[in-house]
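Visitor: The task is to assemble the complex, starting from two chains supplied on their own in separate frames and drawing on the hints.
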Amino acid sequence: MNRRQLAALAGALLLSTTLTACGSDDDPASGDNSGVTLTMLMGVNNIYPEQQRAWFTEVSDKFKAETGASVRFETFASANDELTKIQTSVVSGQGPDVYALGTTFTPTAYATGAFVELTKEDWDKVGGRERFLPATLGISGPDQEHEVGIPFASRPFVMAYNKDLLTAAGIDKPADSWDGLRDQAKQLTKDGAYGLAIGYADGFDPWKFIWAMTTQAGTPVVKDGKAALDGPNTKAAYEAYLGWLATDKVVDPAAVGWKNAQAIAAFGEGKAAYLPMVSASSKVSLDKSKVAGRYAYAVMPTIPPGATSLPAGGVAATSILSGDNVVVAKYSKHKDLALALVKLLTSEESQTSYYKTFGELPTNQAAATALGSDPALAAIVDSAGKSLNTPFTGGWSAVQLELTNVVVQSIPDLSAGKVDDAKLTGLLGQAQTKAQQALDKAK
Amino acid sequence: MFLPGGVLTLLVIVVPLALALYISLLDLDQYSIREWVGAEFIGFENYVEAVRDSNLVHAIGLSVGYSALVTVGCLPIGLAAAVATQDRFKGRGLVRSVLLVPYVLPAFVVGSTWRIIFQPDGVANEVLGTSGLWLNGPRSFWALVIVQLWAGWPLVYLLAAAGLQSLDVTVHEAAALDGAGWWAKLRHVVLPQLRGPVSLALVISFLHNVNSFTLPFVLFGVPSPYDVEVLPVLTYVESFQNFEFGLSVAMAVVSLVLVAIPMAVYLRAVRLDTGRGQR
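Chains H and E supply the protein sequences, listed in that same order. For the first sequence, position 199 (counting from the first letter as 1) is numbered 199 according to UniProt numbering, and the numbering increases by one without interruption. For the second sequence, position 224 (counting from the first letter as 1) is numbered 224 according to UniProt numbering, and the numbering increases by one without interruption.
Here chain E stands alone, though its shape is the one from the complex (with noise of 0.2 Å):
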C-alpha cells in the first residue's frame, strides 16, 4: 500500500518542505514576493544573516530552556494527578474533567487572562506580594514558564492517567498481596508500566513548547521584550513585520531541525520507526 500513502506525504510533507528548504535560499521579500520564482538566489546567505545579524540564536537558547524546563515541571504534576484521580471516589468524573480546563483553552485565552493577572497592578503582584513587571524584564521568563507549565501539565496528566486505565488490576493485587505498601506500589509497578504513555507526553510537551507562538504573541506582544523573543515569534516578526520572508524561512528550517532531534530520539526508543513497537 505503497501508493496513497507516498502521495499523500508527498503532498503534505516533502512538496511543502522542498519550497520551504528552496525558499529559505533566496532573497524573498515584499519586493520579490510577486514573482517569487524569480527572487534572487543567495546560497546560505540567510542562515548566516540569520546566525550572525538577528537574535536566532538566543531564541534558540530561550525557546529550548524554558521548553525543557516546563516539560520537566508537568511531570510530576500530572503524575500527581493522574495518580490521585486513579482510584474511584465520588465526584471523580468531574475533578477529572476540571483539571483538563488549562489545557483546553484555547491559547489566546489562556494568555489574555494571564495578561490581566501579571499586569503591575495586578493579582500576582497582590498574591506574591511583589512588584514590579512580570511582562518584561528578567522575570518575564518565569512568567512564561509559569503559564505554559498551567497551561501544559494536563497533557502529562491526560496520557498518564491513560496510561493507569490499562494497567491490569490483578498486578495491583498480587503487589498487595506481596506486602507492597502504596510507595513500593507506585514505584516498582505503577510507574515502570507508565513510561511509555508519559515519556511521548514529554516530547510532545516540549514540542508543543518549543513551537508555542500564540501564548508569548499574546503575553508579551510584539516586538517582544528580549527575554522571552522565543523561536516562533521571532519568526513571526522577520516575516509578517520586516517582510523578510527568504530570512524567516531560514529560521523556520533551524527550528524544524531543533524540534526533529528530540522526535527521532523519541521514535527511536519506541521504535515507531521500524513498526516493531516498543517491547
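Next up, chain H with everything else stripped away, as it sits in the complex (with noise of 0.2 Å):
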C-alpha cells in the first residue's frame, strides 16, 4: 500500500465513523419515491425559530403530495458550522443532497467543484432561469455557463432612517452621496442623538461599505483577478467611513465596540438618525422598538465619498447582492428529485409565502413584482435590483477578511478621534498583499 493510499484508507476510517449515510439508489423525481428522503442544510433562523419548524414541516409535506419523497431539514448555528459541514461532505461524498448559502460563500463552495454546474435542462427542471430576477443570478457562477447557485432569497442591504430627526432638521430626504449623508448627519447630530449609527466592531458590516464606496468611484477592490486595496479610492473610502466617528463626531464613540445588532439597537433608541447597511431583517426588531412607525427605509448612498456626481466606471451600486443560493450536491444520489425541491421552494407561491413568514425577499420574479407595489418595501426591492456582485473568486473571503481587518486595527486609532495616515497605509499595504496572495491562489 502506498502513502496515498494509506492516508485515503485512513482518512475514510475516520470520517466513516462521524458521518452518517443518507438515501440510496437513484430515483428519478417522477415514478415511485415512497421512502426517499432528501436531506437540505439551510441555516437555523433565530429570529423565527418555531416559524422555521413549521415551514420545514410544510415543505415537507408539499413535497411528498408532488413526488412522494419527503425532505429532512438540517440547520447549521454559524457559518462555522455549515463549512464544517460542507467539508465533511465534500471530502467523504455523502451528506445533505441540497444546502442553502449565503451569496458571499457561493464562489468558495463553487472552488470546491462540489457542486452541481446546472446546464439549460437542469435550470427547466427549477421552472427556468428566467423564473428569477436577474439581478439575484448575479453570483450564481463565474459566468453563465457554469452556474451552480440557484437563487433563494433576497436580503438587499438599505439603510433605515427616523423621519422624526429629518424632518426636525429640515431634511427632506436622505442624501445620494456619501459626502451628503456626511453633512446630513453633522446637521443631525445635536441633542443626545447622532447622524449615524454604525457598527465598528462589527465582522462583517465594515467590508461592505469599502466595497460599495469603491465600487461606486469605479475602482473596484478586485478586478479581474487583481487586489485594488492600497489605491486612492480604497484609502478615501476607509477615510470617510472611519473619519465619521474620528473627526467628523457624527457617531457615538461607543460604537468602536458595536456589532450591527447594537447600532440597530441605538437607532431604536431613537439615538440615531440614520441606519445604514441594514436589510429587511431590521424590521423585526425596529418595529419594536421606540422608533416604531417613525422610521423609513431608502437606498443608501450611490456616489462615491469626495464626488458629487457618479464618477467614470463607477458603478450605482447600492448594496452587495446578498441573501441566499441553493445548491445541488454532486454526490447526491436524486439530483432530479433534489432540482424538484428547488422548484417548489422557488415559486411564486412559495417565495411569497417565504417573504410574509420570514420577510425575505423573493427571488422569484412575479412573486417580486408583486411585492413592489407595497411603499414600505419600495427601498428594499429598489435596492435588490441596483445589487451587484462581490467578484466570483474563491478568494474573496480573504479579501474580505483583509478589508475588515483594516477597520479592527485601526480602532485604536479611532478611539482617539484620528485617522493616522502611516498607519492605514501601511494596513492597506499589507491587506493588499494578503489579498493578492488569496486571488493568484484561485484556481
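Residues from chain E that face chain H, not an exhaustive set, calculated with beta carbons under 10 Å:
{"id": "1", "residue": "Asp29"}
{"id": "2", "residue": "Gly132"}
{"id": "3", "residue": "Phe220"}
{"id": "4", "residue": "Asn242"}
Since the hints were made in silico from the structure, they are not lab data. All residues carry an ideal CB built from backbone N, CA and C; glycine is no exception.
Guide: As C-alpha cells, then:
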C-alpha cells in the first residue's frame, strides 16, 4: 500500500465513524419515490425559530404530495458549522443533497467543485432561469455557463432613517452621496442624538461599506483577479468611513465596540438619525422599538466619497448582492428530486409565503414584482434590483477578511479620535499583499 | 494488555496525528479539499509560509506570554481560596460551590459577559475610572489576562483543596504540638504536601490557556486585534476564513509541539511516564 492509499484508508476510516449515509439508489423525480428522503441543509433562523420548524414540515408535506419523497431539514447555527458540514460532506462524498448558502459564500462552494453545474435542462427542471429576478442571478457562477447557485432568498442592504429627526432638522430626503450623508449627519448630531449608527466592531459590516464606495468610484477592490486595496480610492473610502467617528464626530464614540445589532439598538432608541447597512430583517427589531412607525428605509448613497456625481466607470451599486442561493451536491443520488425540491422552493407561491413568514424578499420574478407595489418595501425592492455581486473568486473570503481587518486594527486610533494616515497606508499595503496572494491561488 | 490500549491509541491518537502531519505537507485549500489525497505535496512550504508570511511567531509569543502570566496569577488566588475554605465554618459548602462558578461557566458565556463589561461605556471603565478601549489596542492583552485569570483560578483552587483533604490531620496536630504558628504550618507542612496537585493544576492551566479558542474568539471576534491574535484564533482564521487547510494544520502542529514541551516536563517530573509514581 503506498502512502496515498494509506492516507485515504485512514481518512475513510475516520470519516465513516462520523458521517451518516443518506439515501440509497438513484430515483428519478417521477415514479415511485416513497421511502426516499432528501436532506437539505440551511441556516437556523434565530428570529423566527418556531415558524421555521413549521415551514420545514409544510415543505416536506407538500413535496411528499408532489413527488412521494420526503425532505429532512438540517440546520447550521454559524458559518463555521456550515463549513464543517460542507467540508466533511465534500471529502466523504455523502451528506445533504441540497444546501442553502449565503451569496458571498457561493464562490467558495463553487471552488470546491462539489456542486452541480446547472445545464439548460437543469434550469428547466427548477422552472427555468427566467423565473428569477435577473439581479439575483449575479453570483450563481463565474459565468452563465458555469452556474451552481439557484437564487432562493434576497436580503439587500438599505439604510433606515428616523423620519422625525430628519423633519426636525429640515432635511426633506436622505442624501444620495456619501459626502451629502456626512453633511446631513453633522446637521443631525445634536441633543444627545448622532447622525449615524455604525457597527465598527462588526465582523462583516465594514467591508461592505468599503466595497460599495470603491465600486461606486469605479475602482472595485478586486477586478480581473487583481486586488486594488492600496489604491487612492480605497484609502479615501476608509478615511470617509473611519472619519465619521474620528473626525466628523457624527457617530457615538461607543460605536468603536458595536456590532451590527448594537447599531440597530441605538437607532431603535432614537439615538441616531441614520442606520446604514441593514437588511429587511432589521424591521422585526425596529417595529418593537421606540422608533416604531417613525422610521423608513431608503437606498444607501451611490455617489462615492469626494464626488458629487457618479464618476466615469463607477457603478451605482446600492448593496452587495445578498441573500441565499441553493446548490445541489454532485454526490447526491437524487439529483432530479433535488431539483424538483428547488422548483418547489422557488415557485411564486412558496416565495410569497416565505416572504410573509420570514421577511426575506423573493428571488422569483413574479413574486417580487407583486411585492414591489408595497410602499413600505419600495426602497428594499429597489435596492434588490440595484445590488451588485461581489467578485466571483474562491479568494473572496480572504479579501473580505483583509478589508475588515484594516478597520479592526484602526480602532485604537479611531477611539483616540484620529485616522493615522501612515498607519492606514501601512495596513492597506499589508492587506493588498495578502489579498493578492489569495487571488493568485484561485484556480 | 497491550492490544486494547494499543488499538485505542492507534485510532484516537496515532492515526489523526499522522494525518495531521501529512496534511501539513500538502497544498490543501478549498480548491483541492474535495479530492484531498490528490492535493499537491509541497514539503515544508506551509511551515515556511507560517513562520515567514503569517503572524505565527507573534501569536506564539502572545499565547505563551499570556498563558504564563495567567498561570502564575492563578497560583496565589487558588491557594489562598483553598486554605481559606479548609477549616470548617458555617456555609463552607456554599462558599466552596460559589468559588467554582467561574470555572464551570461555559467559555462563551464568560466571553459574552466580559465583552459587555469591557465596552467603552461599560462597567470596567466606570469602576476603574478609565476611558477608552479594552477590547482592542494594547489594553486588550490585559483584558484577556484578566478574563482568563477570572475563569481559570478555580482549577488551582480545586486541586489544591483536594490535596488539602488528603493531608493527614495528625501531621497538623504534631506541628501544633511543636509550637508551629499558622505561617510555619503553611510554609513547612501544607505547601510541600500540595506540590503534586498544584503543579498538575499549573500545567493543566497553562495548556488550557495556550489552547483556549472560545474565550478570545467571543471576546474579540475575528479578524482579531493584533494584540490578542492568539495561536488558536490564528489557526481558525486560516482554516475557516482563508480556507488554507494545509497552512492551518501546519500551525496546529507547531502549537502541538508547543504544548508538548510543558507536558513532557511535567510527566518527567512526576514520573507518570514510567508508571512508578512520584516517590
